[in-house]
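Start from the sequences and build out the full structure, keeping to the hints where you can.
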Amino acid sequence: MSRSGSSSPHASSPPTPGEATGYQYTPEATPSEIDDTAPLHAVNVAPRWNESKTTIWKVTATCWCAFVMGSNDAAYGAVIPYLEAYYQKSYTVVSLVFLSPFVGYTISAILSNLVHQILGRRGITIIAPTCHAIAFAVISVHPPFPVLVVMYVLVGLGSGFHNAAWNVWIGNMANSHEVLGFFHGFYGMGATISPLVATSLIIKAGWEWYCYYYLMTGAAVIALIYSTAAFWAETGSKYQEENPTFPGRGGAFSQTRIALTYKVTWICAIFLFLYGGIEVAIGGWIVVFMTNVRHGDPFDSGMAETGFWLGITVGRFVLGFVSPRIGEKLSIAIYILLAITLELIFWLVPEFIVSAVAVAFVGFFMGTIFPGVVIVATRLLPKSLHVAAIGFAAAFSMGGGAVFPFMIGAIAQAKGVTVLQPILLAMLAVSLGIWATMFRLPQNGLSHQV
Numbered sequence: 001m002s003r004s005g006s007s008s009p010h011a012s013s014p015p016t017p018g019e020a021t022g023y024q025y026t027p028e029a030t031p032s033e034i035d036d037t038a039p040l041h042a043v044n045v046a047p048r049w050n051e052s053k054t055t056i057w058k059v060t061a062t063c064w065c066a067f068v069m070g071s072n073d074a075a076y077g078a079v080i081p082y083l084e085a086y087y088q089k090s091y092t093v094v095s096l097v098f099l100s101p102f103v104g105y106t107i108s109a110i111l112s113n114l115v116h117q118i119l120g121r122r123g124i125t126i127i128a129p130t131c132h133a134i135a136f137a138v139i140s141v142h143p144p145f146p147v148l149v150v151m152y153v154l155v156g157l158g159s160g161f162h163n164a165a166w167n168v169w170i171g172n173m174a175n176s177h178e179v180l181g182f183f184h185g186f187y188g189m190g191a192t193i194s195p196l197v198a199t200s201l202i203i204k205a206g207w208e209w210y211c212y213y214y215l216m217t218g219a220a221v222i223a224l225i226y227s228t229a230a231f232w233a234e235t236g237s238k239y240q241e242e243n244p245t246f247p248g249r250g251g252a253f254s255q256t257r258i259a260l261t262y263k264v265t266w267i268c269a270i271f272l273f274l275y276g277g278i279e280v281a282i283g284g285w286i287v288v289f290m291t292n293v294r295h296g297d298p299f300d301s302g303m304a305e306t307g308f309w310l311g312i313t314v315g316r317f318v319l320g321f322v323s324p325r326i327g328e329k330l331s332i333a334i335y336i337l338l339a340i341t342l343e344l345i346f347w348l349v350p351e352f353i354v355s356a357v358a359v360a361f362v363g364f365f366m367g368t369i370f371p372g373v374v375i376v377a378t379r380l381l382p383k384s385l386h387v388a389a390i391g392f393a394a395a396f397s398m399g400g401g402a403v404f405p406f407m408i409g410a411i412a413q414a415k416g417v418t419v420l421q422p423i424l425l426a427m428l429a430v431s432l433g434i435w436a437t438m439f440r441l442p443q444n445g446l447s448h449q450v
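Using full-length UniProt numbering, the letters of the sequence shown correspond one by one to residues 1 to 450.
Warning: the hint list may mix true and false statements.
Label pairs and their in silico Cβ distance ranges [stated by the list, open to error]:
hint, residue 1, residue 2, range
1, Asn292, Ala205, 21 to 31 angstroms
2, Ala414, Ala46, 50 to 60 angstroms
3, Pro146, Leu337, 40 to 50 angstroms
No more than 25 angstroms apart at the CA atoms, straight line, and that leaves these computed lysine-lysine pairs for BS3-like [unchecked claim]:
hint, residue 1, residue 2
4, Lys383, Lys238
5, Lys238, Lys53
6, Lys263, Lys415
7, Lys263, Lys329
8, Lys415, Lys89
9, Lys329, Lys383
If you're looking for bench data, these hints aren't it; they were derived computationally from the structure. Even glycine gets a Cβ: it sits at the ideal position worked out from N, Cα and C.
Below, the structure written as structure tokens:
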């Protein structure tokens, strides 16, 4: 694991990807004394997910956090028709539940690296599930609609912290694509089960929509206890020891500022902004689309959403082993092209079954894109910037998941929900164009700077 050439980092310039290799240096050395060229005998010492019982415990804790996030995100699609009726609000107003988490994601992007530096991963395991538990508990008592919107801000804050922390932590492991595939697969499992459970409870068991959040509150409390116990030893001082910064680089906020000087940070962030929008827009509006446009009954339409999230889940478990063999950059481009083809079938063939199958395969090929982007980013960015850069990009992803479903809801109010398909196709095409710029990035670290 080496790279050609070397450069001595200076305090006034951003770190180069040579720092991302994970090789040890003497903490007392000044930047000019550091030679970041990997020695010939250097080996990759990235931790393995199963190297100890403690590490396995930590990985399973992150997977449960992902399961809770997926269960929340996919519930929108099943619950939105009932929110509209319960609160007597239009598509546009109800779509605020998509938009409001964006505020939380933005706050998490700003604060994530600071929390890591001060409280370590232990702080993430306390703050993020607590945000979820409080929000779900309040939603479960069906508060006035403005309070509901504010609670989804808190949901976004918790999810943003989780995403930044666990994508980086797992992304630096050995066989990271496969392990990230399982992490995101658990998100997909939660997203698959969530609409099925919510739809069944509401339609078959006669529960009110807000009763589903009793279950979500319990799941968030489990995440709080389980993950805090697993990461209790991961303090701020330990994080700083494992992720040292060079002298003169400033504090935690400076790391975010430096990360934003890299082209790869912006490419990944903008790409994931569109990706998150596509994923949540499909999951959030497919029930309405299948009911109003494909004329399915409410239960069958809810199962179509389950099929989409099931496709994402299976794709993350399966394609996580395929992508490294193709290459992460190329595989992502191929998956987007296949998703565009299937989205065309979804749009142009006006049959319920064909649409349900097509959207399930859209999910299958889109499922592993997010983990792939994280892998590409961790390989191109210095290790000390991973939390700041990937936290920023992940927040953009969830921001897209807030902005675009809201936008589609606003347009659907005026033009009808048939606008879903052409908007999704346009977003997929633009995301492919953005990802193509990744192939033009040279391999020299400093040339990645904006």
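Here is how each hint holds up against the structure:
1. The given range of 21 to 31 angstroms is respected by asparagine 292 and alanine 205, whose C-beta atoms sit roughly 24 angstroms from each other.
2. Between alanine 414 and alanine 46 the Cβ separation comes to about 51 angstroms, which falls inside the hinted range of 50 to 60 angstroms.
3. The given range of 40 to 50 angstroms is respected by proline 146 and leucine 337, whose C-beta atoms sit roughly 43 angstroms from each other.
4. Taken as a hint, the lysine 383 and lysine 238 pair is honoured in the structure, with Cα atoms around 15 angstroms apart against an allowance of 25 angstroms.
5. Between the alpha carbons of lysine 238 and lysine 53 the distance comes to roughly 19 angstroms, so the proposed pair stays at or under 25 angstroms and holds.
6. In summary, the hint linking lysine 263 to lysine 415 is not supported, as the alpha carbons are separated by about 37 angstroms, beyond the 25 angstroms threshold.
7. For a cut-off of 25 angstroms, the pair hint linking lysine 263 to lysine 329 stands: about 15 angstroms separates their Cα positions.
8. Between lysine 415 and lysine 89, the direct Cα distance comes to roughly 17 angstroms. Compliance with the 25 angstroms bound is thereby established for this hinted pair.
9. Annotation: proposed proximity of lysine 329 to lysine 383 holds, straight-line Cα distance about 20 angstroms (limit 25 angstroms).
When the structure is compared with the earlier hints, a violation turns up for hint 6 alone.
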